[in-house]
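Go ahead and model the full structure; you've got the sequences and the hints to work with.
Same order as they appear, the protein sequences are chains G and F.
In this text, residue positions in the first sequence follow the numbering used here: the first is 247, and each later residue adds one.
In this text, residue positions in the second sequence follow the numbering used here: the first is 18, and each later residue adds one.
Bear in mind the hints are in silico, worked out from the structure with no lab data behind them.
Virtual Cβ for every residue (Gly too), placed ideally from N, Cα, C.
A portion of the hints provided could be inaccurate.
[As the list claims (entries may be wrong)] Below, computed lysine-lysine pairings styled on DSBU-like, alpha-carbon distance capped at 30 angstroms: (1) F:LYS438 to F:LYS453; (2) F:LYS113 to F:LYS172; (3) G:LYS335 to F:LYS453; (4) F:LYS105 to F:LYS138; (5) G:LYS335 to F:LYS498; (6) F:LYS407 to F:LYS371; (7) F:LYS498 to F:LYS520; (8) G:LYS335 to F:LYS145; (9) F:LYS407 to F:LYS352.
[Stated by the list, open to error] Which residues of chain F face chain G? A partial, calculated answer using Cβ under 7 angstroms: (10) GLN232; (11) PRO268; (12) ALA271; (13) ALA275; (14) ALA276; (15) GLN278; (16) SER279; (17) ASP443; (18) SER445.
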Amino acid sequence: MKLLAWLGRKVGGALVVLWLVATAIFIGVRLIPGDPAEAIMGGPGSQASAEALANARSEYGLDLPIVSQYFLFLAKLIRLDFGTSYSFKDPVLQIMGEVLPPTINLALMALAVAWLLALLLALLAMRANKFGQLLGNAVEIVAAAVPHFWLGAVLIMLFSSMLGWLPAVANGTAAGLVLPVLTLALPLAGFLTQLMRDSLNTAMGSQFALAARARGESRLTVFRRHGLRHAALPALGLTGWAFSSLLSGAVVVEAIFARPGLGRSLLSAVLARDIPMVTGIALFSALVYIVVMALTEAIERLIDPAGAES
Amino acid sequence: MRRNQRATRLFTGALALPLAAALIAGCSSTNDPAASKDAEPVAGGTLVYASGDAEPSCLDPHVGGNYPQALVASQFMESLFTKDAEGKIIPWLAEKTEVSTDGLTRTITVRDGITFHDGTKLTSEAIKANIEHLQNPNTASSTGYLAVGKVDRIKLVDELTAELKLSAPDNALLESLSMPWTAIQSPQGLKRDQAANCAAPAGTGPFKVESWDRQQAVNLVRYEDYVSPAADAERASATSYLDGITWRFIPEAASRYAALQSGEVDVIDNPQPDTISTAADNGLGHLDAPRPGASNRLELNSSKAPFDDVRVREAFMHSVDVNSGINSLYFNTAKRSYSLLSSVEPLGISDESKFTTDATKANELLDAAGWTQRDSEGYRVKDGKRLTLKFPVSTNQSVPAEQSLFEQMQAAAKPVGFEIKIELLDLSSWYGALAKHEYDLVSAPYTKVGPSVLRILFHSDSTVPAPSGYFANNAQVKDPKLDRLLVDAEQTNDETERAELYKQAQQIVLDGYYVMPLYDQQNHFLYSKNVHGMGQTTAVSSPIYYNVFLDK
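Next up, the structure:
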């Protein structure tokens, strides 16, 4: 019963958030300069006739009062109708279906690699001496701070231009995935390690860890059985945020490595003033965020039932 | 105009490649790596092309009509006319053409024996269907639409001949019909809905569209029934050497270049100037194919203060040193222009004297124009208003080197007392700023074949905005004498008179200090050393890969 109530609260909350996001997008896209009818009739600088522009306006309902447009927009959303892309003239849902898998794939792999690296680094940091700790700390801060576009360019220069080990642009092979995934994963790994190390240090220095050591357990066992759990919690709580940051990072990474995906679609849709595409992608990103947040909350409850109650 | 080096070599050296290549090679120059000189053409292999332009939303260049569309469509669509190496217009899909003495009837006969990719035969019906497609508002053509604006109606005389009735004489019509934006596609294909035709237009070119994986690649394959319209084609095999072309979109310049260096791609466009200058040292080939039409230039908005005063416009020309900026930022890959027209336009005139750097002269002119005071920051002031120039820059059309050049100008114009306010904008916002007249300076490239581009850019009619707010006459030149010259130049059927009229028209614009020419519209391609036979281009300088082959 408790689970059902929790689920009900989540779904209700999600719907409210989605409605707010949809409304914000509806207002937002109308504030950016550029005539939507022009975007439909060949993009900026088009020489579409007044007649053609009028046709486009009525076909896309742009000639209706703004309030009617808003309710029409909501009514369509409820039926999962995201409309037709201005520039591609295909349904938005169909285009998103094409570009979504590569982006989700990229983000999930980056997330996995980032966690793996973060755990590894946290483990190393625990065993390191003072100097090693300092060095590790510096590396993490730098990794967490570098922007994706810079990191991507450096990785290409290093591993593609100079060493020739990996392809510079995505080509559908596994090797082509390495650099994009690393570009997304390294900053996140740095960030996660920072979070983990603090709580790991606290956990490993705490009474129960000392007690466990006194019972004769090895450092590694204590780390695995007690430290890791404490260390992972704050990082896990931020995984929802991390995943959405990966989606936004995908905009940059997909452009640098010429990968197809949601991020690249978003960029070109914004530049082309393709309002249905922008709306669809933004709403979808909000949905992903909500789902991932709910999932991480559920996992947190599993790891730390006491914490979830408070 | 630069000589086509490859064309010259073909005539003097071993005739490994057909004459046809030389005939329509346009005005490009290449520096092939030494190895390719003796290479024997071999058939086979797929060339990977990487474009830095945004992926078109439609492969049919009738729809919209921009350069990225022309680049890819040049492989699968052909035009009625094209340009020879001297820049002269010659028939291509057309066999012959003539015009009535009053200039109002243009008769065009297409070649017999040519088939579109969908199996439809090329007939006069195709001329009619294509021009009507361009004129249909639902097509949303902007470039091609303007090009065929004077065609009133089309009569089919026989299977191969069509008669175009014009609303006014138009000696630029053949030039207009040489551009990829008016290329001829299958009338059957045009009957499909727009999305279907956009995905795979059926042309007559040496390659055809096999598939288009959005955001990944347009896959082109050899058209096995290709018939080259060149009358004297000597090629043993009339089809392309390449099995196909994988047309990719790699927006990042650094990634594109890295992919070329590592051999992942064979040809790239939009290379950065520094990589062009070191191409030969890195064993890469370089094709320099300046676009026709207007040169890249700054236009001075003469419709409002401060540039409504010709003295202020002249002062601006003398206040900045453009040449050293171009040399350093473009690594000597772009040549300074003093012409309104591209260097590939035979009728362009240059006037270097108007654009000397002379701060003393600039200061005198501004003093004379009443901009005598200076404010605390050193900018000139008149009637309490600062001498400010709004300069919206499209990050889409101005490469980083050009943006840096503008920043140098900004610094150079300050001592004279100009405040240049550069605003970097995306394309939609940039068009928006122009439509609202929120500019004093602007750089707006314009590609078109032939000097009639001058009418689009400088006739007073072009100050009247289209429904979208777009107008082409950014300098806001309104001069009845100039208008007359531009109209007459388009209507005469005498070549010498045409050249003379265009010369006078250009002189008026240059004398009025409306425009500061910078350089040709840059159009460079880098290719790896296993690519041979580069150099053939369309009338708008987009490369054609019909004669290109790869080392095996």
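Status of the hints after comparison with the structure:
For the suggested pair LYS438 (chain F) and LYS453 (chain F), the alpha carbons sit about 17 angstroms apart, so the restraint of at most 30 angstroms is met. Taking the CA atoms of LYS113 (chain F) and LYS172 (chain F), the gap is about 16 angstroms. The hint holds against a cut of 30 angstroms. Using a Cα cut-off of 30 angstroms, the hinted pair LYS335 (chain G) and LYS453 (chain F) holds, with the two alpha carbons roughly 29 angstroms apart. Restraint check for LYS105 (chain F) and LYS138 (chain F): satisfied, since their Cα atoms lie roughly 28 angstroms apart, inside the 30 angstroms limit.
Distance check on the hinted pair: LYS335 (chain G) and LYS498 (chain F) sit about 45 angstroms apart at the alpha-carbon level, beyond 30 angstroms; violated. Straight-line distance between C-alpha atoms of LYS407 (chain F) and LYS371 (chain F) comes to about 23 angstroms, which keeps the hinted pair within the 30 angstroms bound. A hinted pair counts as satisfied when its Cα atoms are at most 30 angstroms apart, and LYS498 (chain F) with LYS520 (chain F) qualifies at roughly 13 angstroms. Restraint check for LYS335 (chain G) and LYS145 (chain F): the C-alpha separation of about 26 angstroms stays at or below 30 angstroms, so the hint holds.
For the hint pairing LYS407 (chain F) with LYS352 (chain F), the CA-to-CA distance comes to about 26 angstroms; that is within 30 angstroms, so the pair holds. With its C-beta approaching chain G no nearer than about 4 angstroms, GLN232 (chain F) sits inside the 7 angstroms limit, and its interface hint holds. The beta carbon of PRO268 (chain F) comes within 5 angstroms of a beta carbon in chain G, closer than 7 angstroms, and the hint placing it at the interface holds. Of the supplied interface hints, the one on ALA271 (chain F) holds, with its beta-carbon coming within about 5 angstroms of a beta-carbon of chain G, less than 7 angstroms.
For ALA275 (chain F), the interface hint holds, since its Cβ comes within 7 angstroms of a Cβ in chain G; the closest pair sits about 4 angstroms apart. At its closest, the beta carbon of ALA276 (chain F) sits 5 angstroms from a beta carbon of chain G; the interface hint therefore holds under the 7 angstroms criterion. The interface hint given for GLN278 (chain F) is met, as the beta carbon of that residue sits about 6 angstroms from the closest beta carbon of chain G, less than 7 angstroms. A hinted interface residue such as SER279 (chain F) counts as satisfied when its beta carbon comes closer than 7 angstroms to some beta carbon of chain G; here the least separation is about 5 angstroms, so the hint holds.
Checking ASP443 (chain F) against chain G: minimum C-beta separation of about 6 angstroms stays under 7 angstroms; hint holds. Annotation: interface hint on SER445 (chain F) holds; nearest CB of chain G at approximately 4 angstroms, less than 7 angstroms.
Checked against the numbered hints given earlier, this structure breaks only hint 5.
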